[in-house]
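There are 2 protein chains.
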Amino acid sequence: MMAPLAERLAIKNDRRIIFLVLDGLGDLPFGSRAQTPLEAARKPNIDALLPQACTGLFDPVEPGITPGSGPGHLGLFGYDPREHEIGRGVLEALGIDFPLTDDDVAGRFNFCTLDARRQITDRRAGRISDDENRRVVAKLNANLRADRPVEVIVRSVSEHRGLVVLRGPNLGGRVTDTDPQATSVAPLTAKGLDSASAGAAECLNHFVAQAERILQDEPKVNGILLRGIDKKPPIPKLSDRFALTPAAIATYPMYRGIARLVGMTIFDPPTDIASTVSAAAAAPAQFDYLFLHVKYTDKAGEDGDYDRKVAVIEEVDGQLPVLMKARPDVMVITGDHSTPAALKSHSWHPVPALLFAPGTVRPDGSKTFGERAAQMGGLGRFPMRHLLPLALAHAQKLAKFGA
Amino acid sequence: MMAPLAERLAIKNDRRIIFLVLDGLGDLPFGSRAQTPLEAARKPNIDALLPQACTGLFDPVEPGITPGSGPGHLGLFGYDPREHEIGRGVLEALGIDFPLTDDDVAGRFNFCTLDARRQITDRRAGRISDDENRRVVAKLNANLRADRPVEVIVRSVSEHRGLVVLRGPNLGGRVTDTDPQATSVAPLTAKGLDSASAGAAECLNHFVAQAERILQDEPKVNGILLRGIDKKPPIPKLSDRFALTPAAIATYPMYRGIARLVGMTIFDPPTDIASTVSAAAAAPAQFDYLFLHVKYTDKAGEDGDYDRKVAVIEEVDGQLPVLMKARPDVMVITGDHSTPAALKSHSWHPVPALLFAPGTVRPDGSKTFGERAAQMGGLGRFPMRHLLPLALAHAQKLAKFGA
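The listed protein sequences derive, respectively, from chains A and B.
The opening position of the first sequence corresponds to residue 1 in my numbering, with each subsequent residue numbered one higher.
The opening position of the second sequence corresponds to residue 1 in my numbering, with each subsequent residue numbered one higher.
Calculated directly from the structure, the hints in this document are not laboratory data.
The reader is advised that the hints may include incorrect statements.
Note that identical chains are pooled: a pair holds if it fits in a single copy or bridges any two copies.
[Unchecked claim] Pairs of lysine to aspartate or glutamate residues, derived as DMTMM-like cross-links and limited to a Cα-Cα distance of at most 25 angstroms, are as follows:
(1) LYS12 x ASP179
(2) LYS344 x GLU83
(3) LYS299 x GLU159
(4) LYS12 x ASP317
(5) LYS400 x ASP80
(6) LYS12 x ASP307
(7) LYS344 x GLU132
(8) LYS367 x GLU39
(9) LYS12 x GLU302
(10) LYS400 x ASP303
(11) LYS237 x GLU62
(12) LYS12 x ASP130
(13) LYS367 x GLU159
(14) LYS237 x ASP115
(15) LYS295 x ASP177
(16) LYS299 x ASP217
(17) LYS400 x ASP179
(18) LYS344 x GLU159
(19) LYS139 x ASP14
(20) LYS295 x ASP47
(21) LYS12 x ASP177
(22) LYS12 x GLU218
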């Protein structure tokens with residue numbers, strides 16, 4: 001695939017772009033509420049940007065496709081999420097701030113319950129508590145024998161979920177799942193999909209066998225089901241692609257992890273919306289791209305809590321004057337995907353985006369920032385990966401194409 | 001890359017399509033003016049087309065990308081500008097009506113000033129006058145020795161800019177620049193990027209050495225910096241692609257040159273807007289595609305002259321009744337890119353287009369022709385290369401796809 005033109009044309013200047021990302025921002029009307037949370041929220045500060053802004057709708061991947069957090073954010077950062085798939089194991093590692101190296105192989109696992117014939121009776125081991133998870137993981141780490149040149153590292157994630165990392169020379173990451181996604185059958189055997197991955201598959205099968213032996217006296221938590229085994233994908237750095245000096249400000253580790261994956265400098269984690277925007281306001285001038293991540297819109301959507309989602313958007317609006325102290329030349333307010341409260345999950349609905357760029361924008365006359373208003377906005381309707389190049393253009397960070 | 005469907009489906013009929021191209025038409029509000037020049041212009045004749053027209057916004061290349069004149073016009077003519085890049089030397093040759101052959105290698109050059117150690121002290125030789133340029137070019141042409149089977153042709157362009165053309169057998173055009181884009185360093189040596197281009201690089205290095213010898217007594221103009229060396233790109237003809245018999249009416253040579261590059265018949269250059277439209281009105285019926293180019297909108301934009309841009313649009317509107325004598329079945333009014341007066345340069349903003357097609361159009365109810373109205377127009381928002389197929393469709397020049 002041809003590299004995007006924006007890569008060829010990117011030029012350095014000192015104009016600053018801010019991406020204020022409200023996770024799962026897009027939504028639907030809900031029950032008797034005819035408006036979406038974004039439409040319903042009182043947001044005088046965002047509205048005040050509109051005379052120097054235009055809006056549009058962006059599809060995170062392509063029409064009808066619901067993205068996970070990885071593809072959603074890759075799109076925001078100007079990557080085609082279909083070209084750079086991040087394995088679930090890698091994402092779990094990012095999500096617990098595990099310092100994954102380029103050579104590590106990471107797999108997510110579920111603890112499960114096996115019967116005497118080694119058949120799965122519960123794929124989630126009764127959804128054990130985080131504490132119980134940590135107890136079992138400690139027991140594993142204390143007793144696993146590394147009888148190879150490969151180190152096996154086990155980490156708790158939450159409930160029945162864990163992470164296993166293989167660290168050693170020449171490990172391939174193309175290994176099949178051992179989770180059969182069914183009960184009353186035995187776990188599968190991991191297989192390497194290429195010769196470089198056969199060794200990793202063997203290590204993982206050995207790890208599973210050892211774990212079953214170590215946990216054989218546990219009543220519930222006595223098996224391991226592996227999924228999403230992979231290495232970190234080779235993703236070109238944002239700084240190399242677009243001549244940016246990018247930084248990320250995110251409370252939750254997964255988003256810092258994805259930002260680290262594309263080469264951003266990671267600021268100290270803020271604890272809430274107020275500390276997120278004040279960290280941006282204090283960011284050194286060298287950072288000409290700031291990614292701010294607000295998780296709480298997504299959480300409210302996942303919980304089906306329409307009113308809380310409205311409240312989060314209003315809180316973000318209330319903090320906007322602080323954010324403006326970061327002096328953005330271009331500011332984008334958008335989400336990585338939709339998380340409609342009515343669906344309590346990520347969805348495929350296109351995401352509204354507002355692009356504020358005094359002096360270089362063609363204001364589209366929007367009277368409000370919302371999903372339906374954005375349908376008629378001047379940014380149009382594009383795959384999300386075009387939004388960053390649009391921001392670069394408005395910051396005059398793209399040279400002319402051709403003479 | 002897959003050929004556009006429109007190529008496969010094109011059929012010949014006697015319906016006429018006119019593309020009235022106002023260069024750099026798209027714009028922004030400007031200072032206290034809340035409207036763009038197109039929105040502000042009084043244009044009763046264009047407005048009278050609206051009941052039989054629809055409008056839309058077109059991205060010359062892709063969102064955020066600012067095109068030069070070459071890519072802008074290739075998009076208008078239904079080409080993907082990313083697939084056919086025209087080198088700067090070729091464009092300069094087109095721009096001075098130089099009769100470039102398919103085998104010529106063309107490079108643009110700057111006259112520069114070199115010091116006694118052959119380091120560049122001024123990359124533009126003090127921006128000499130056109131007259132001074134012509135004097136020095138004449139001196140070069142009088143003294144250059146063609147001691148090879150390759151002819152070296154030098155032409156004035158303007159100020160410090162010139163054109164050099166190599167004409168001879170088996171010359172490749174993939175040659176690197178000699179302009180280091182810096183001062184206090186020596187010019188670079190041209191290098192061929194493939195074996196076919198090594199000979200051309202050698203000829204160009206020899207030309208530069210000869211030129212420095214010929215100009216050694218000149219106080220300011222004593223060096224040559226080459227850029228954008230290339231051959232004419234192999235672009236399929238418009239007539240072959242879409243079964244059209246196209247003609248171009250353009251005052252400025254570069255636009256005639258690009259039209260010639262895609263195989264159009266070139267009419268005698270008109271001198272102004274009135275003679276442009278009257279040439280169209282007098283065009284023989286065999287020409288079923290007429291490209292009319294009006295440069296003055298772009299010039300006004302480049303000069304930051306909002307009012308002049310409004311006036312040019314109003315002048316074009318005033319000439320529209322004459323143009324209608326050319327009996328277009330389909331008429332498109334658009335630009336090749338935006339040139340906002342506020343930015344004084346080409347920009348990435350999408351270009352408004354109006355498609356008039358009595359009997360075959362679905363009128364979109366537009367009340368005016370302008371950037372913001374076109375956001376909601378029936379043509380939608382597409383890359384510019386789709387506009388010509390849309391015009392072909394409305395002229396019923398495209399057969400059905402599939403049974």
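Okay, the hints, checked on the actual structure:
{"no.": "1", "hint": "LYS12 x ASP179", "verdict": "between (47 angstroms within a copy, 21 angstroms between copies)"}
{"no.": "2", "hint": "LYS344 x GLU83", "verdict": "neither (28 angstroms within a copy, 37 angstroms between copies)"}
{"no.": "3", "hint": "LYS299 x GLU159", "verdict": "within (18 angstroms within a copy, 62 angstroms between copies)"}
{"no.": "4", "hint": "LYS12 x ASP317", "verdict": "neither (30 angstroms within a copy, 41 angstroms between copies)"}
{"no.": "5", "hint": "LYS400 x ASP80", "verdict": "both (23 angstroms within a copy, 16 angstroms between copies)"}
{"no.": "6", "hint": "LYS12 x ASP307", "verdict": "neither (42 angstroms within a copy, 33 angstroms between copies)"}
{"no.": "7", "hint": "LYS344 x GLU132", "verdict": "neither (27 angstroms within a copy, 66 angstroms between copies)"}
{"no.": "8", "hint": "LYS367 x GLU39", "verdict": "both (11 angstroms within a copy, 19 angstroms between copies)"}
{"no.": "9", "hint": "LYS12 x GLU302", "verdict": "between (39 angstroms within a copy, 23 angstroms between copies)"}
{"no.": "10", "hint": "LYS400 x ASP303", "verdict": "between (46 angstroms within a copy, 18 angstroms between copies)"}
{"no.": "11", "hint": "LYS237 x GLU62", "verdict": "both (23 angstroms within a copy, 22 angstroms between copies)"}
{"no.": "12", "hint": "LYS12 x ASP130", "verdict": "neither (46 angstroms within a copy, 34 angstroms between copies)"}
{"no.": "13", "hint": "LYS367 x GLU159", "verdict": "neither (45 angstroms within a copy, 49 angstroms between copies)"}
{"no.": "14", "hint": "LYS237 x ASP115", "verdict": "neither (47 angstroms within a copy, 41 angstroms between copies)"}
{"no.": "15", "hint": "LYS295 x ASP177", "verdict": "neither (30 angstroms within a copy, 49 angstroms between copies)"}
{"no.": "16", "hint": "LYS299 x ASP217", "verdict": "neither (37 angstroms within a copy, 76 angstroms between copies)"}
{"no.": "17", "hint": "LYS400 x ASP179", "verdict": "between (51 angstroms within a copy, 19 angstroms between copies)"}
{"no.": "18", "hint": "LYS344 x GLU159", "verdict": "within (20 angstroms within a copy, 59 angstroms between copies)"}
{"no.": "19", "hint": "LYS139 x ASP14", "verdict": "neither (52 angstroms within a copy, 45 angstroms between copies)"}
{"no.": "20", "hint": "LYS295 x ASP47", "verdict": "within (22 angstroms within a copy, 38 angstroms between copies)"}
{"no.": "21", "hint": "LYS12 x ASP177", "verdict": "between (44 angstroms within a copy, 22 angstroms between copies)"}
{"no.": "22", "hint": "LYS12 x GLU218", "verdict": "neither (58 angstroms within a copy, 37 angstroms between copies)"}
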